[in-house]
Amino acid sequence: MDSIISVNRLSKEYGSLKAVNNISFDVGEGEIFGLLGPNGAGKTTTIKMLTTLLKPTSGTATVAGYNIKTSQNSVRKHIGIIFQDPSLDDELTGRENLQFHAILYNVSSDKREAKINEVLKLVELEDKADVLVKNYSGGMKRRLEIGRGLIHEPKVLFLDEPTVGLDPQTRRHIWEYIKKLNESTKTTLILTTHYIEEADYLCNRVAFIDHGRLVALDTPDVLKDKLGGDVISLKAKTGSDALEKRLKSTSWVKTISRHDETIDITVEEGEKKIPSLVKIAEKIKVQIDSVSLHKPSLEDVFIRYTGKSIREEEGEGWKGHMRAIRARRSR
Amino acid sequence: MVDTNAIYVLWLRDIKRFIRAKSRIIGMLVLPIFFLLGLGLGLGNLIPSSVLGGSYLEFIVPGIIGMSLIFTSVASGTSVLWDRQFGFLKEILVTPNSRSAVVIGRVAGGATTAMLQSFIIVIISLLIGFNIHFTAATALAIVFMFLIATTFISLGLVFGSLINDFQGFQLVTSFVTMPLFFLSNGIFPLSALPGFVKYIAYLNPLSYGVDGLRITLAGATSFLNPIHLGWLVISPLAIDLFMMLLSSAIMIAIASYAFNRTDVG
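Heads up: the protein sequence lines correspond to chains U and Z, in order.
In this text, residue positions in the first sequence follow numbering that gives the first Met the number 0: the first is 0, and each later residue adds one.
In this text, residue positions in the second sequence follow numbering that gives the first Met the number 0: the first is 0, and each later residue adds one.
Bear in mind the hints are in silico, worked out from the structure with no lab data behind them.
Quick caveat: nothing in here was measured; it's all calculated off a predicted structure.
Warning: the hint list may mix true and false statements.
Simulated crosslink set (DSSO-like; lysine-lysine; CA at most 27 Å straight-line) [said to hold, decoys possible]: (1) U:LYS234 to U:LYS178; (2) U:LYS127 to Z:LYS15; (3) U:LYS284 to U:LYS225; (4) U:LYS271 to U:LYS307; (5) U:LYS178 to U:LYS120; (6) U:LYS282 to Z:LYS15; (7) U:LYS247 to U:LYS76; (8) U:LYS140 to Z:LYS15; (9) U:LYS244 to U:LYS185; (10) U:LYS178 to U:LYS247; (11) U:LYS234 to U:LYS247; (12) U:LYS271 to U:LYS225; (13) U:LYS236 to U:LYS185; (14) Z:LYS197 to U:LYS127; (15) Z:LYS197 to U:LYS133; (16) U:LYS244 to U:LYS76; (17) U:LYS120 to Z:LYS15; (18) U:LYS120 to U:LYS110; (19) U:LYS234 to U:LYS282; (20) U:LYS294 to U:LYS225; (21) U:LYS114 to Z:LYS15; (22) U:LYS185 to U:LYS133; (23) U:LYS140 to Z:LYS21; (24) U:LYS179 to U:LYS236; (25) Z:LYS21 to U:LYS110.
Here's a subset of chain U near chain Z, in silico, CB distances under 10 Å, partners left out [to be verified]: (26) ASN7; (27) PHE24; (28) ASP25; (29) GLN83; (30) ILE302; (31) TYR304; (32) THR305.
Yeah, the Cβ is synthetic: ideal placement off N, Cα and C, and Gly gets one too.
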């Protein structure tokens, strides 16, 4: 695999705070690479350094073959960025925003119109192209920004929290656009997210970032497999003991645990094991009440590596926010 | 190559936004028009023409043009704050263009729109009795308008780059533009000012800009005397032009420096 981004011991410090702490990774050409972690983990700081908006304290990286410290302008020419916050001029139309971007990136005038129409089609905004951006919905603005990022045919497109603040349905749509553009343009994509499902659905490989450190990096499937497999929970009307005993001697059951009448077992490819389980139970005359299958998510993986949940952190943040509001009110 | 593109795009953006924001155009014209009517016609009738060697209206029109230019120009610095607010500043700053090109593009766009407003004021002045004193130098009036705008748009960009909140920006700019206007020859001749205040006005670029407009539009005599360097005589108009070119160049340089240091926000 040829790597298009190569990050080598990159760090960013603000006083004593290590926002990004000595991280190294490579991104292959054409990959969708995800940086996953809670808010404030250092994802955006990493992206800002890779896009030359911030100077690293130490370490270095190459993007599309250019050093981010010594060849900033060459890096900028070969990347596209979709920022976390909107960055459109909303007193211009969608098409004008794209035209301005094309001129700023020196796209030759004979190719400009064709390229603009091409991306408008990709993000399905052809019929809204001549409407002022201030009349766009949040999802439309995001799509326009994604399209804009592609106008100058960047080698790498950075997406910083591409779906934050969008409703679930729009989020799904944006995911589809992102997948589509990766398949049709073969552009390498790096995205940051704190949404588990987003990383799981989109990314070929995921890097977990926590407190500025890279704690794990692999494909979502391999990361999940490291947890040992799927969990099947069984509840029997009667004969739980007999069932537990029988399952303990079954070769493909990796672990087994029991809480009251519920038996949890870990197995590989859980969905294929359920019929066998039912058969086993029938054989020993145990009537099964309910079966549930839990596939490990990246969330479980994150918990394994950091001892906490990404969502928990978010909840804390929200609680903290509410506390701040209450404190303000009582003053 | 890329950089001229950036200048062109930012200029075009200002023009497009200017044409679409009709209420803003009218808003920026209201104050100069009131000054023009109140001072030019109201106060002007009380001032005998012997005092200024011509009617007060002829004296004040170039001053009001200068006023409109300085107010519009400095206020245009808010565009940096808006762009920071809406994130468009980031979009511009991550492109492979130098920040100086971004500054020049903004100055060019702002100067064009500020000059369009000046043309409207000239037309209104003509309607209330102002006469353009046509000479070979009259076309230079446009150059002076451009240089006044360039100088003070750069000043606005300096404030826009250094100040992050809107209220602070308004406070600082009104604190600066008002004295700049009143400590110039905008509404009264510099000879009317007491000694030391006069010297402050001599340091004010607006004094030279308005003087240039007064010579080229109204055919007035300058507050400056020609400089004799041996056989070479430098006319007041040339001094005005030189001073405005100098202040524009210095202010663009300062604006580029300040803009280079601004954070994306």
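Status of each hint after checking the structure:
no. : hint                 : verdict
1   : U:LYS234 to U:LYS178 : 40 Å, violated
2   : U:LYS127 to Z:LYS15  : 19 Å, holds
3   : U:LYS284 to U:LYS225 : 35 Å, violated
4   : U:LYS271 to U:LYS307 : 30 Å, violated
5   : U:LYS178 to U:LYS120 : 15 Å, holds
6   : U:LYS282 to Z:LYS15  : 79 Å, violated
7   : U:LYS247 to U:LYS76  : 61 Å, violated
8   : U:LYS140 to Z:LYS15  : 20 Å, holds
9   : U:LYS244 to U:LYS185 : 53 Å, violated
10  : U:LYS178 to U:LYS247 : 43 Å, violated
11  : U:LYS234 to U:LYS247 : 16 Å, holds
12  : U:LYS271 to U:LYS225 : 19 Å, holds
13  : U:LYS236 to U:LYS185 : 54 Å, violated
14  : Z:LYS197 to U:LYS127 : 58 Å, violated
15  : Z:LYS197 to U:LYS133 : 49 Å, violated
16  : U:LYS244 to U:LYS76  : 65 Å, violated
17  : U:LYS120 to Z:LYS15  : 25 Å, holds
18  : U:LYS120 to U:LYS110 : 16 Å, holds
19  : U:LYS234 to U:LYS282 : 16 Å, holds
20  : U:LYS294 to U:LYS225 : 12 Å, holds
21  : U:LYS114 to Z:LYS15  : 22 Å, holds
22  : U:LYS185 to U:LYS133 : 31 Å, violated
23  : U:LYS140 to Z:LYS21  : 25 Å, holds
24  : U:LYS179 to U:LYS236 : 48 Å, violated
25  : Z:LYS21 to U:LYS110  : 34 Å, violated
26  : ASN7                 : 22 Å, violated
27  : PHE24                : 22 Å, violated
28  : ASP25                : 23 Å, violated
29  : GLN83                : 9 Å, holds
30  : ILE302               : 34 Å, violated
31  : TYR304               : 32 Å, violated
32  : THR305               : 30 Å, violated
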